[in-house]
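**Q** Residue-level listing of the chains:
Protein chains: 2
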Amino acid sequence: MNRQELAEQILRKKTFLCVGLDTDVRKLPGCLQGQPDAVFTFNKSIIDATAPYCVAYKPNLAFYESRGLEGWRDLEQTVRYLKEEYPSHFIIADAKRGDIGNTSAMYARTFFEWLDVDSLTVSPYMGEDSVTPFLGYKGKWIILLALTSNKGSADFQFTSDKQDELLFEKVLRVSQNWADEEQMMYVVGATQGKAFQQVRKVAPRHFLLVPGVGAQGGSLEDVCEYGILPDCGLLVNSSRGIIYADNTEKYAEAALEKAHDMQQSMAEILAQL
Amino acid sequence: MNRQELAEQILRKKTFLCVGLDTDVRKLPGCLQGQPDAVFTFNKSIIDATAPYCVAYKPNLAFYESRGLEGWRDLEQTVRYLKEEYPSHFIIADAKRGDIGNTSAMYARTFFEWLDVDSLTVSPYMGEDSVTPFLGYKGKWIILLALTSNKGSADFQFTSDKQDELLFEKVLRVSQNWADEEQMMYVVGATQGKAFQQVRKVAPRHFLLVPGVGAQGGSLEDVCEYGILPDCGLLVNSSRGIIYADNTEKYAEAALEKAHDMQQSMAEILAQL
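So the sequences go chain by chain: Z and A. Just so we're aligned: 104 in the working numbering is position 104 of the first sequence, and the numbers increase by one with no gaps anywhere. Just so we're aligned: 133 in the working numbering is position 133 of the second sequence, and the numbers increase by one with no gaps anywhere.
In short, the hints are calculated from the structure, not lab data. Keep in mind that a hint or two might mislead.
Which copy is meant is left open, so a pair is good if it fits within one copy or across any two.
[Stated by the list, open to error] Derived pair list, reagent style DSSO-like, types lysine-lysine, alpha-carbon separation capped at 30 Å:
id, residue 1, residue 2
1, Lys201, Lys162
2, Lys151, Lys138
3, Lys27, Lys138
4, Lys194, Lys162
Everything numeric in this text was worked out from a predicted model, so none of it was measured.
Whole structure, please, built from the sequences with the hints as guidance.
**A** Now the structure itself:
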């Protein structure tokens with residue numbers, strides 16, 4: 001999916017919500033516990049309930065990997081379902097990969113050939129040649145970590161160099177030499193508030209994937225005040241706040257309501273563009 | 001495996017070699033191409049041939065993941081074989097994971113419960129709370145990226161802050177508040193030469209996992225001149241130089257010879273301690 005197609009989906013559906021599929025087998029509603037294919041059944045219901053209100057889904061690899069082969073099977077099944085039933089939704093594999101060139105090339109095969117998702121989150125620590133192997137796939141995106149939503153983002157990402165450039169700003173600036181805004185997005189945590197101003201100074205045109213609204217405490221309004229672009233330029237993710245909104249057999253309806261609420265807030269913001 | 005046990009293995013076997021199992025299905029010897037279980041058969045032969053000359057194995061996750069479920073099955077089978085047949089070898093999952101706390105906790109389950117290896121490589125970019133969830137497992141290690149072996153290491157890892165501290169030095173210094181040298185090692189690329197002096201100033205006692213000898217051009221002598229400690233404190237990895245030493249049916253013997261050569265060089269270095 002290219003940028004224009006993504007932006008069209010956003011403006012047509014009046015939402016820039018991404019639903020995070022951080023499906024923890026221990027947190028499934030009681031009615032699914034112990035059922036065969038419980039994780040896929042859960043994901044399928046969540047997807048069917050929320051699809052009208054979002055433009056993207058973001059399975060978090062750790063939650064699948066942690067259950068070994070069975071988890072990878074659930075992931076594969078979920079992605080296949082999305083691609084068949086909801087081909088206009090953008091799929092993000094949240095895997096935060098990145099390694100030396102020949103190894104990143106292998107990760108690219110995992111996500112852009114075997115799983116065949118639209119995009120992958122990548123860690124910038126190892127620099128250009130850890131990122132470029134992902135860029136040889138037409139229509140596929142990488143989403144580079146810039147400023148993350150967690151407390152530990154303060155440990156290194158705000159380190160200031162001699163020219164007063166912070167590490168996350170350097171990541172944003174330098175990585176723009178590797179790929180343009182048709183193939184690269186950045187992760188910027190919703191919890192970072194005003195830092196969105198700094199981000200937009202360095203990366204005025206890139207789409208941002210914004211986690212941290214909801215369970216982590218970030219505010220949609222703050223994010224949009226500084227981060228939004230004429231074609232939106234934002235994908236705001238919510239995981240736990242939507243998928244675990246209720247743990248009874250009404251979990252899908254509860255997820256629908258939460259996603260619908262967010263879509264309504266987003267529609268108001270988009271109307272002001 | 002604790003540090004003392006690892007050091008004992010090194011001094012007893014006179015080697016600090018780690019064999020990297022970067023098994024690429026397209027590079028298998030002709031005699032294995034198209035065979036069922038070719039990757040596991042290859043790994044098993046390489047392990048049986050090299051086990052006397054090394055103390056550690058490092059499967060590189062990307063090479064398994066890239067083949068989806070089949071690859072994960074090969075990885076699981078390889079790790080199980082190592083644990084059953086060679087329980088005194090240290091196993092490193094080279095996966096370079098790291099995410100917000102609840103997600104890193106899931107990755108910890110993948111590698112320290114499901115796969116049950118001794119250690120995992122972790123990326124430092126997201127800071128403390130992305131690393132600490134891995135530390136709750138007694139006897140398990142994390143190996144944090146500090147200064148990597150690739151060209152892209154120059155993009156961010158050498159960024160100097162206002163106190164003249166380079167980013168990799170800051171990672172080494174700050175992360176020592178998270179775990180001690182009984183549970184944390186660092187990745188430092190063999191290609192970094194004299195930077196080992198700087199690394200040892202900041203991390204004088206930690207074990208280092210050193211990739212980049214062989215195919216990537218690093219020198220064992222340089223690494224040891226600045227990096228070695230009284231209990232060795234080094235695991236030097238070679239992947240392609242050993243496992244692809246020959247692509248005929250004699251691949252295992254060729255791997256044995258290469259590993260034996262490295263062990264001989266290492267024995268000479270250890271004799272001077």
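**Q** Run the structure past the numbered hints and jot down the numbers of the failing ones, going up.
**A** none
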